[in-house]
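Each of the two chains sits in its own frame; use the hints to bring them together as a complex.
Note that the protein sequences, when read in sequence, are chains G and U.
Using my numbering, read the first sequence as starting at 1 and increasing by one per residue.
Using my numbering, read the second sequence as starting at 1 and increasing by one per residue.
There could be a bad hint or two in this list.
As the list claims (entries may be wrong) - The list that follows gives simulated cross-link-like pairs (lysine-lysine, BS3-like), each with its CA atoms no further than 25 Å apart:
| # | chain 1 | residue 1 | chain 2 | residue 2 |
| --- | --- | --- | --- | --- |
| 1 | G | K17 | U | K185 |
| 2 | U | K185 | G | K34 |
| 3 | G | K398 | U | K185 |
| 4 | G | K147 | G | K83 |
| 5 | G | K79 | G | K127 |
| 6 | G | K233 | G | K363 |
| 7 | G | K354 | G | K442 |
| 8 | G | K83 | G | K17 |
| 9 | G | K473 | U | K185 |
Honestly, the hints are just simulated from the structure, not real lab data.
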Amino acid sequence: MTDTVLSIRNLTLALPKGADRSYAAESVTYDVAKGEIMCVVGESGSGKSMAANAVMGLLPKGVRPTDGEILFHGEDLLKLDEKRHRELRGLRIGMIFQEPMTALNPLMRAGDQIAEVFEAHGLYNAKERQQRALALLEEVGIPQPEKAIRAYPFELSGGQRQRVMIAMALALEPELLIADEPTTALDVTTQAQILELIRDLQKRRNMAVMFITHDFGVVAEIATRVCVMRLGKVVELGLAHNVLDNPQHEYTRSLINAIPSNAVPPTRDAREPAPLLEVRQLNKVFRSRGGLFKPSREVVALNDVSFTLDRGETVGIVGESGSGKSTLGRCVVRLERPDDGELLLDGVNLGALKGDALRRERKRVQMVFQDPYASLNPRTRVGLAIAQGPIANGVPRKEALQQAGDLLDLVGLGAASAERFPHEFSGGQRQRIGIARALALKPELIVADEAVSALDVSIQAQILELLEDLKQKLSLSLLFITHDLRVAAQVCDRIIVMQHGRIVEQGTAQEVFLSPQEAYTRELLDAIPGRAHVAAAV
Amino acid sequence: MSFFARFAQNRGALIGLIILIAIIAMAILAPFLFPESPWRMVQRPFLAPFEVDGFALGTDTMGRNVAAGLMHGAWVSLLIGLVSTSVALIIGVPLGAIAGYYGGLVDDALMRFTEFFQTIPNFALAIVLVAIMQPSVTSIVLAIAIVSWPPVARLVRAEFMSLRNREYVEAARLVGQGNATIILKQILPNTLSPIIVLASLMVATAILLESALSFLGLGDPNVMSWGYMIGAARTVIRQAWWLSFFPGMAILLTVLALNLVGEGLDDALNPKLARERQ
Numbered sequence: 001m002t003d004t005v006l007s008i009r010n011l012t013l014a015l016p017k018g019a020d021r022s023y024a025a026e027s028v029t030y031d032v033a034k035g036e037i038m039c040v041v042g043e044s045g046s047g048k049s050m051a052a053n054a055v056m057g058l059l060p061k062g063v064r065p066t067d068g069e070i071l072f073h074g075e076d077l078l079k080l081d082e083k084r085h086r087e088l089r090g091l092r093i094g095m096i097f098q099e100p101m102t103a104l105n106p107l108m109r110a111g112d113q114i115a116e117v118f119e120a121h122g123l124y125n126a127k128e129r130q131q132r133a134l135a136l137l138e139e140v141g142i143p144q145p146e147k148a149i150r151a152y153p154f155e156l157s158g159g160q161r162q163r164v165m166i167a168m169a170l171a172l173e174p175e176l177l178i179a180d181e182p183t184t185a186l187d188v189t190t191q192a193q194i195l196e197l198i199r200d201l202q203k204r205r206n207m208a209v210m211f212i213t214h215d216f217g218v219v220a221e222i223a224t225r226v227c228v229m230r231l232g233k234v235v236e237l238g239l240a241h242n243v244l245d246n247p248q249h250e251y252t253r254s255l256i257n258a259i260p261s262n263a264v265p266p267t268r269d270a271r272e273p274a275p276l277l278e279v280r281q282l283n284k285v286f287r288s289r290g291g292l293f294k295p296s297r298e299v300v301a302l303n304d305v306s307f308t309l310d311r312g313e314t315v316g317i318v319g320e321s322g323s324g325k326s327t328l329g330r331c332v333v334r335l336e337r338p339d340d341g342e343l344l345l346d347g348v349n350l351g352a353l354k355g356d357a358l359r360r361e362r363k364r365v366q367m368v369f370q371d372p373y374a375s376l377n378p379r380t381r382v383g384l385a386i387a388q389g390p391i392a393n394g395v396p397r398k399e400a401l402q403q404a405g406d407l408l409d410l411v412g413l414g415a416a417s418a419e420r421f422p423h424e425f426s427g428g429q430r431q432r433i434g435i436a437r438a439l440a441l442k443p444e445l446i447v448a449d450e451a452v453s454a455l456d457v458s459i460q461a462q463i464l465e466l467l468e469d470l471k472q473k474l475s476l477s478l479l480f481i482t483h484d485l486r487v488a489a490q491v492c493d494r495i496i497v498m499q500h501g502r503i504v505e506q507g508t509a510q511e512v513f514l515s516p517q518e519a520y521t522r523e524l525l526d527a528i529p530g531r532a533h534v535a536a537a538v
Numbered sequence: 001m002s003f004f005a006r007f008a009q010n011r012g013a014l015i016g017l018i019i020l021i022a023i024i025a026m027a028i029l030a031p032f033l034f035p036e037s038p039w040r041m042v043q044r045p046f047l048a049p050f051e052v053d054g055f056a057l058g059t060d061t062m063g064r065n066v067a068a069g070l071m072h073g074a075w076v077s078l079l080i081g082l083v084s085t086s087v088a089l090i091i092g093v094p095l096g097a098i099a100g101y102y103g104g105l106v107d108d109a110l111m112r113f114t115e116f117f118q119t120i121p122n123f124a125l126a127i128v129l130v131a132i133m134q135p136s137v138t139s140i141v142l143a144i145a146i147v148s149w150p151p152v153a154r155l156v157r158a159e160f161m162s163l164r165n166r167e168y169v170e171a172a173r174l175v176g177q178g179n180a181t182i183i184l185k186q187i188l189p190n191t192l193s194p195i196i197v198l199a200s201l202m203v204a205t206a207i208l209l210e211s212a213l214s215f216l217g218l219g220d221p222n223v224m225s226w227g228y229m230i231g232a233a234r235t236v237i238r239q240a241w242w243l244s245f246f247p248g249m250a251i252l253l254t255v256l257a258l259n260l261v262g263e264g265l266d267d268a269l270n271p272k273l274a275r276e277r278q
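The shape of chain U in the complex, shown without the other chains (with noise of 0.2 Å):
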């Protein structure tokens, strides 16, 4: 059975997959379907939805296009939270695993290196590193990706140590394999799983961090994104609740999604679990 029959025999996994096809699709088709900018006033502001024809999600509190807003913030938002947890992968996977796999001296340096930045709140660095680095799309992904790669190499680490007295590992040892073939393909697979489900929730965190980094004004200027429209529509829940709840359901269904994609890949790279389907 090919690797896409068995992702697409959960169900919840083939409609996660739909839902993020849509959201980009969202992403790529907004300059044609809006493209004026979505930052442009273009209505009196706190038009409620489907008040006036072609506001089917009304406006802002300066009189912007929401729907526009949403279409054109679903690039960055989407862009930040994936290339974001990409980036904190590649530092905390190797990390971890090389913490944990060998222990002792290398372990306590790499996870003191590691607590030095868990020790410092998420959000106060990312704030000091996007006001060293200028707000730019840029400097908000390294920042996001800064904070958040320390659970990451605490997971892995913590994986690889409870897998790498498995007997298993030790018969791989036994027959000659070196230390970098046994982490990678001995014990990497098997700690896919939680590795998945992490990688999932983070890129929501990373869109939400996001949104609190423009919320208080340090987001990139030039690109609407989903935070920044929740971020600006906070004080005014009580009179115009479209304002947050659109972007809000926006980053619901994508993390819903992503977590759904997810747990379908889990599934599918499991042989034991795509086996007992069939």
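Isolated chain G, as found in the complex (with noise of 0.2 Å):
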């Protein structure tokens, strides 16, 4: 192609010894072209950001190039000095990170950020770079640019500093943005305005962009060209409709199989409703602690929210970030007390349950944790984790460390890993740790607060089939509460929609999906990234 930006030829990276393989990324070769949106794709540990790391010269600390090169109009971005290096980035290549909450100095005003850009490379004066820099917002589309220059990052939102750091990218007009999982981060919604935002950029300024997710939704959505890794090795390269309607290489079908369909499931058999948790009028309200010359502020989270769950039934609750959606699990299984409302699990309010009553009656709700890295003692061995919640209910420990080894037979781990430490253990293995340890206590109702969000999606098919299986066996009600309405579409009988800490619709999984009858359900539902696709395909 005449119009190649970057070409990365045969680029080998060498891990440090001792790591889990050899090199991070193995004769990777792809070119990104004028114009063009090239998606790399792969679940974590793949290597595909290595790639775009040795381009902008930010390679980890113990990674090297041991061959290739990685070709920029020609030259080789790999034997550059640091000064020269350091020209190229923000002018000619600009990159965009993962993280906006923290991406951002926060103690640097949105205008002043950009602005910086400018400066380290020596351009304009200061008021001409105030001037670009509200035509930067003006361009990526803040509300209100005028007021946004002056506003501090906590100022802003999730996606309005995502967009702050595009327009930064962006200021010294470059030929090739690299993208780093931009919207992982972000809500579906935004999500969905972020990458119309690229897409629109990219062909307006006829710009090439990498783009590295891990999201196949997001792939069909942007994507000219896809670039498949597993474990440092590019599996499959080509067209984006080529790759996504016919998948040659196996690894390929299987993630874009393992993607939460859109399809609705069936209904399932309808069964006598049986309650088991009854939800009435629930409200709960935080309330920060005031200072002497601050007032104290207040966050509706929940807002008369009543709901029921039947015995065997999953519930799933969807909603964005400040939605309530996590309050609600938290109230169920009492971390947070309810300010009013009744909580009646079989008839026992538990919303006013306290002490050792409440301690008495909590093995019956279960959660699932969302961050399998967080929700495990890093000093405490698996097993004895486990097995912790029997002993505290009077369980021998010995026979209560057994059970905890049967029970890691029945997540599939294996009871001999009780010896070991969670550090161990990767994330998809720690969350069914965690699963094991819910279960320990032969709970009735489980809650899963955002369970597989943190995880690949192959994992995350996984670990879906695990608490599907397990519901099965040992007859399970769940709350699966989440953000990702692929997911509630899969596991799912019923589906709870929240906004601002009040129900917005709730309805079986089929009614919600297929005639949503609110607006803010369908705008949800038609954020979905790789929804267009997928109905075609369908």
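Structure, rendered in structure tokens:
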């Protein structure tokens, strides 16, 4: 191709000794051409970000290139000295990071952060810099750019911050834009807007974009060409529609199949409604303690929430960040105390219990947490971590440890792993441990709070399958809290949509998906990445 | 792998342990090697090291044997450093843990109490306490412990505040573990690293505080300590460097050894690091 901007040839990056494999990237070869969006897809640890880091000269310590070249307009980036590399960064290659919360300096106004990019390259005077910053903010579609330019990062929402990041990356009109998971930390509706923006800017400026993501839905939305990576190697490379519709490699197929499908599950057998959990008019307001000179602040997290959950049923609670869905889950397991309303579990009002009475009833509702890295005590052996619940409830230690072994078998890890520490397991395995711990007390209801959000799609699919399987075996009921409608569609019998602490819509999965009644639900559904593609394929 | 083997994998920790054992051996052997009281004047004053046979480290301003003082002083300095630090930990860790874990009013009350101690200058409070209780090893240990626990409480409180809302602590609460179990089994083990580091530094501060008290004449009049030796030699440091140099080195080595041992303990207790080195 004549208008190739970036050409990666045979790139091999060595990992330091003692890592789980010897190369972060092995003979990676692909091009990024002017006017196209190249999506690099892979699961965590696939080395998908490594090539981008090498392009920017930001390789982590200990990782070094051993072979190959990265040609940017014919110039090998791997051979550049630091000074020349710095000139290229920002000026001709821009980058957007994943975490808009931490990628901006919290003590600098948005406009100044953009102006800093010009300053670093010694361009324009102070006044011109501000003018250009304003123009850029307008271009990335921030509402009220005159105000936003004076705003500190904490005054902007996640999506707005990501727009500021994009404005910074575009400031010097780079020919190549590298976006490393730019939408992963955002809500679906915001994600849809940011993807739209990137696509739009790319067209308008005719840039080359290298877009790194783990999400095939996003790929379907945005990609011109796709490069699928696994364990440091390129397994498939081609035009987006070819790869998506007709994947050649088995791994690509398994990734595409692992995407929680949009197809709504068939209606399940109608059961005799036997309510296990009844939530009536639940309210929760968070108050920050006011100080001498600052008034106290109130945030309404739950506003008059009522629903029921039948025995053996899976109810999904779906909403964006700040919708109150997590607070609801935490109230149900009584990590938070609702202000008023009733939480009836088989007629016992959990919401009103306190102290010892609460401790005795706790075991009937257990929780699977979101972050598999934070939910296990790093200094407790896995077996003991699972056995702690039964021990606290009076089961003899030896018996409890034996049961823990059986549970580890049940979740597919094997009883032998009981003696190991949490850090020796991968994210998906840890989540299995978390599930085993929740099961140890033989609960009737399990609350899964974003239990699969931190996992790769293929692992996600396995965990969802495990939950479904356990639910059948142990006749459990599940309250499944998620921001991901695709996941909810896959596992839930009924779905509750929440916004700003209120229930917006509830109904069977089919009703909510196929004939959403509320505008907000429709908005959420439309924002699912890759929806158009899947719908066309079905 | 046994606990000691894990500990010994940290080379520095092993060296620290050897130094510490040597210092303890010094303290134990002192009465046998130098049966005479270290306070006795045995030669003419200001003998430089190796000037006269039998006085390898010289003599001090009063003609006392520096080597004897160093060995006898090891016992008192170690005792004061270790015991006062332990007492400070015994006061500070539970206070900080309870304040940090429960928060709210309990936290307010305990922290105002802690601040009460923090607002009085450490050294002034120590002087007053020793003066009231009469100078003796016990009163010095107590005084040092009483002035040095507030930072421990503060540190432990901060650690507890950041750890109490971790998901694994919430999970423990969910399975019905009581508050005491959660504090002792879930949170405390994860606060060990900073506590160990702080404790090893506190031993050093305690030794120095004791030396300052001795310098003011508030040391135990019956026992020789490194602090006293440095304090007494400060005024003649230009004429007789060895008088403050040797006890100073002894304090430095002790503190260094404790730091290294502390770090080794921390590594050996941390399952993640222990496995990685395997």
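Hints and how they fare:
1. The hinted pair formed by K17(G) and K185(U) fails the criterion: a straight-line CA distance of about 35 Å is larger than 25 Å.
2. The suggested pairing of K185(U) with K34(G) is violated, with an alpha-carbon distance near 58 Å, which exceeds 25 Å.
3. Pair hint K398(G) plus K185(U) holds up; C-alpha atoms about 18 Å apart against a cutoff of 25 Å.
4. Restraint check: the Cα-Cα separation between K147(G) and K83(G) comes to about 36 Å, which exceeds 25 Å; the hinted pair is violated.
5. Only pairs whose Cα atoms come within 25 Å are accepted, and K79(G) paired with K127(G) is rejected, the gap being roughly 37 Å.
6. Among the hinted pairs, K233(G) with K363(G) is inconsistent with the structure: their alpha-carbon atoms are about 46 Å apart, more than 25 Å.
7. Distance check on the hinted pair: K354(G) and K442(G) sit about 21 Å apart at the alpha-carbon level, within 25 Å; holds.
8. Pair hint K83(G) plus K17(G) does not hold up; C-alpha atoms about 29 Å apart against a cutoff of 25 Å.
9. Restraint check: the Cα-Cα separation between K473(G) and K185(U) comes to about 33 Å, which exceeds 25 Å; the hinted pair is violated.
Comparing the model with each earlier hint shows violations of hints 1, 2, 4, 5, 6, 8, 9; every other hint is respected.
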